[in-house]
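Chemist: If you want the building blocks of each chain, they are given just below.
There are 2 protein chains.
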Amino acid sequence: MAKPPVIVLVEPQLGQNIGKAARAMLNFGLTEMRIVNPRDGWPNPEAGPAASKADIVLEKAEVFDTTAEAVADCSQVYASTVRRRDVHVPVVGPEEMADEIRRSEGRSAILFGRERSGLSTEDVALSTRIVTVPINPEFGSLNLAQAVILLAYEWSRGADLAQPTVREEEPPAPMGELEGLIGQFEESLDRKGYFFPPERAQATRRTIRTLMTKPGWSSREINALRGMLRTIESAPRED
Amino acid sequence: MAKPPVIVLVEPQLGQNIGKAARAMLNFGLTEMRIVNPRDGWPNPEAGPAASKADIVLEKAEVFDTTAEAVADCSQVYASTVRRRDVHVPVVGPEEMADEIRRSEGRSAILFGRERSGLSTEDVALSTRIVTVPINPEFGSLNLAQAVILLAYEWSRGADLAQPTVREEEPPAPMGELEGLIGQFEESLDRKGYFFPPERAQATRRTIRTLMTKPGWSSREINALRGMLRTIESAPRED
Numbered sequence: 001m002a003k004p005p006v007i008v009l010v011e012p013q014l015g016q017n018i019g020k021a022a023r024a025m026l027n028f029g030l031t032e033m034r035i036v037n038p039r040d041g042w043p044n045p046e047a048g049p050a051a052s053k054a055d056i057v058l059e060k061a062e063v064f065d066t067t068a069e070a071v072a073d074c075s076q077v078y079a080s081t082v083r084r085r086d087v088h089v090p091v092v093g094p095e096e097m098a099d100e101i102r103r104s105e106g107r108s109a110i111l112f113g114r115e116r117s118g119l120s121t122e123d124v125a126l127s128t129r130i131v132t133v134p135i136n137p138e139f140g141s142l143n144l145a146q147a148v149i150l151l152a153y154e155w156s157r158g159a160d161l162a163q164p165t166v167r168e169e170e171p172p173a174p175m176g177e178l179e180g181l182i183g184q185f186e187e188s189l190d191r192k193g194y195f196f197p198p199e200r201a202q203a204t205r206r207t208i209r210t211l212m213t214k215p216g217w218s219s220r221e222i223n224a225l226r227g228m229l230r231t232i233e234s235a236p237r238e239d
Numbered sequence: 001m002a003k004p005p006v007i008v009l010v011e012p013q014l015g016q017n018i019g020k021a022a023r024a025m026l027n028f029g030l031t032e033m034r035i036v037n038p039r040d041g042w043p044n045p046e047a048g049p050a051a052s053k054a055d056i057v058l059e060k061a062e063v064f065d066t067t068a069e070a071v072a073d074c075s076q077v078y079a080s081t082v083r084r085r086d087v088h089v090p091v092v093g094p095e096e097m098a099d100e101i102r103r104s105e106g107r108s109a110i111l112f113g114r115e116r117s118g119l120s121t122e123d124v125a126l127s128t129r130i131v132t133v134p135i136n137p138e139f140g141s142l143n144l145a146q147a148v149i150l151l152a153y154e155w156s157r158g159a160d161l162a163q164p165t166v167r168e169e170e171p172p173a174p175m176g177e178l179e180g181l182i183g184q185f186e187e188s189l190d191r192k193g194y195f196f197p198p199e200r201a202q203a204t205r206r207t208i209r210t211l212m213t214k215p216g217w218s219s220r221e222i223n224a225l226r227g228m229l230r231t232i233e234s235a236p237r238e239d
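The listed protein sequences derive, respectively, from chains A and B.
full-length UniProt numbering applies: residue 1 is where the first sequence begins, and numbers increase by one.
full-length UniProt numbering applies: residue 1 is where the second sequence begins, and numbers increase by one.
Hints are computed from structural coordinates only; laboratory data are not their basis.
Take the hints with a grain of salt, since some may be wrong.
Given that identical chains are not distinguished, each listed pair holds provided it fits within a single copy or across any two copies.
[As the list claims (entries may be wrong)] Derived pair list, reagent style BS3-like, types lysine-lysine, alpha-carbon separation capped at 30 angstroms:
(1) K214 to K53
(2) K3 to K60
(3) K60 to K192
(4) K192 to K214
(5) K214 to K3
(6) K3 to K53
(7) K53 to K192
(8) K3 to K192
Given only the sequences and the hints, what does the whole structure look like? Please build it.
Modeler: Now the structure itself:
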């Protein structure tokens with residue numbers, strides 16, 4: 001398994017955004033942040049509160065003078081930006097990026113540009129790929145932390161970071177218990193003359209069976225339903 | 001191709017967060033927002049500036065008094081939350097959710113709870129699924145707009161690729177029809193004094209809701225069941 005990618009913020013302007021990016025990273029298990037030439041210096045007192053307890057990321061963050069230095073140990077560098085006409089760099093989507101990072105033996109970095117103007121031509125030129133999140137062509141408005149969280153999420157999807165999705169449902173009851181419910185339901189209906197005319201009875205019973213089989217109720221649920229049915233059929237409450 | 005999911009914000013507290021959620025949605029082509037009982041009323045003057053030109057989403061947003069009303073026309077309802085022990089609702093990941101929504105013939109809704117406390121047990125109980133974003137087990141800190149953007153992104157990823165699937169099954173009935181069945185069932189039980197002692201009534205109603213939500217019965221099936229229930233409750237056959 002490849003190491004998680006490094007997140008490189010190039011000339012970020014607001015400390016708050018650096019904190020939010022840290023928080024976005026840590027949600028998906030990314031902890032290595034590098035900051036290139038931050039406008040307001042480093043450390044930045046506004047970053048901590050915005051990080052919302054992701055301080056560990058900020059404490060470990062490293063600062064560099066240039067993007068080239070920040071990615072010197074990385075063999076794959078992804079420039080997070082829209083398609084660019086000014087540089088010839090292959091464009092990939094987030095999923096392809098994540099696949100490549102996971103397969104890579106070397107380190108990978110993902111570059112994010114400054115809030116207003118994004119990455120410079122020079123920054124893109126030293127990247128091995130452009131990574132573009134496919135967004136609404138008529139409305140593209142991702143801020144720094146959102147761009148970070150989407151790519152971090154995409155990386156984590158295949159990284160086995162979290163437990164596999166399990167269904168917490170109780171297992172469906174054995175068919176014998178389901179038969180008990182169906183039988184009880186049919187008897188209740190039969191006592192009220194529901195299966196009339198007799199020619200239709202078979203089709204009606206089939207409908208009931210289909211209805212009751214569909215949910216995959218658990219034993220507990222089937223017991224609860226049988227109790228409810230008994231109640232509805234019981235003598236009227238006297239009060 | 002299924003319709004895009006409706007985003008339902010349940011009792012959101014800050015107008016700013018409603019605006020940010022709108023912006024997150026529009027990035028991935030979602031435009032239908034519903035707001036349940038917003039704390040500060042609606043419209044909220046703080047929403048617009050935070051939406052960053054996603055005003056179209058806010059202008060079209062609809063306000064409802066209850067979550068049940070907000071999802072009455074939806075046949076699939078996803079509660080965006082962590083795993084819950086208080087309700088038995090199947091848990092899926094974002095990808096599985098997106099697949100299901102794209103294949104579904106009915107409308108789908110994704111519920112997001114209030115900023116501090118998330119979704120109530122009642123909101124989760126009326127959902128057909130819990131959707132959980134797998135995050136760092138040691139640091140989970142997604143804000144409202146981030147949760148929205150991740151699920152919107154996941155939906156959009158395959159939105160172009162998905163083929164309409166032909167299902168032989170009838171589509172699940174809209175939630176409004178299911179509410180009718182649940183209401184009738186509860187009344188039948190209530191008439192026989194089932195909800196006793198009163199302290200247990202709420203939990204019992206929740207169990208019933210979970211049981212009835214699980215199957216995804218079609219409109220035809222729900223009508224059949226309501227007829228059967230009426231029959232069971234009717235006066236004894238005289239013969």
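Chemist: Is it within a copy, between copies, both, or neither that the alpha carbon of K3 lies no farther than 30 angstroms from that of K192?
Modeler: Answer is neither; intra-copy 42 angstroms and inter-copy 43 angstroms both fail.
Chemist: Go through the copies and call it for K214 and K3: within, between, both or neither, with a Cα cutoff of 30 angstroms.
Modeler: both (22 angstroms within a copy, 25 angstroms between copies)
Chemist: Evaluate K214 and K53 at a C-alpha cut-off of 30 angstroms and name the case that applies: within, between, both or neither.
Modeler: Answer is neither: 39 angstroms inside a copy and 38 angstroms across each miss the 30 angstroms cutoff.
Chemist: Between the shortest in-copy and the shortest cross-copy C-alpha distance, which are at most 30 angstroms for K3 and K53: within, between, both, or neither?
Modeler: Only inside one copy: K3 and K53 sit 23 angstroms apart there, 38 angstroms across copies, limit 30 angstroms.
Chemist: Which holds for K3 with K60 at a C-alpha limit of 30 angstroms: within a copy, between copies, both or neither?
Modeler: Classified as within; 16 angstroms inside a copy, 44 angstroms across copies.
Chemist: If the cut is 30 angstroms between Cα atoms, do K53 and K192 qualify within a copy, between copies, both or neither?
Modeler: Classified as neither: same-chain Cα gap 56 angstroms, cross-chain 53 angstroms, threshold 30 angstroms.
Chemist: Quick one: K60 to K192, C-alpha cut-off 30 angstroms, is that within a copy, between copies, both, or neither?
Modeler: Neither way: K60 and K192 sit 45 angstroms apart in one copy and 50 angstroms across, limit 30 angstroms.
Chemist: At most 30 angstroms between alpha carbons: which applies to K192 and K214, within, between, both or neither?
Modeler: both (25 angstroms within a copy, 27 angstroms between copies)
When each numbered hint is compared with the structure, violations occur for hints 1, 3, 7 and 8.
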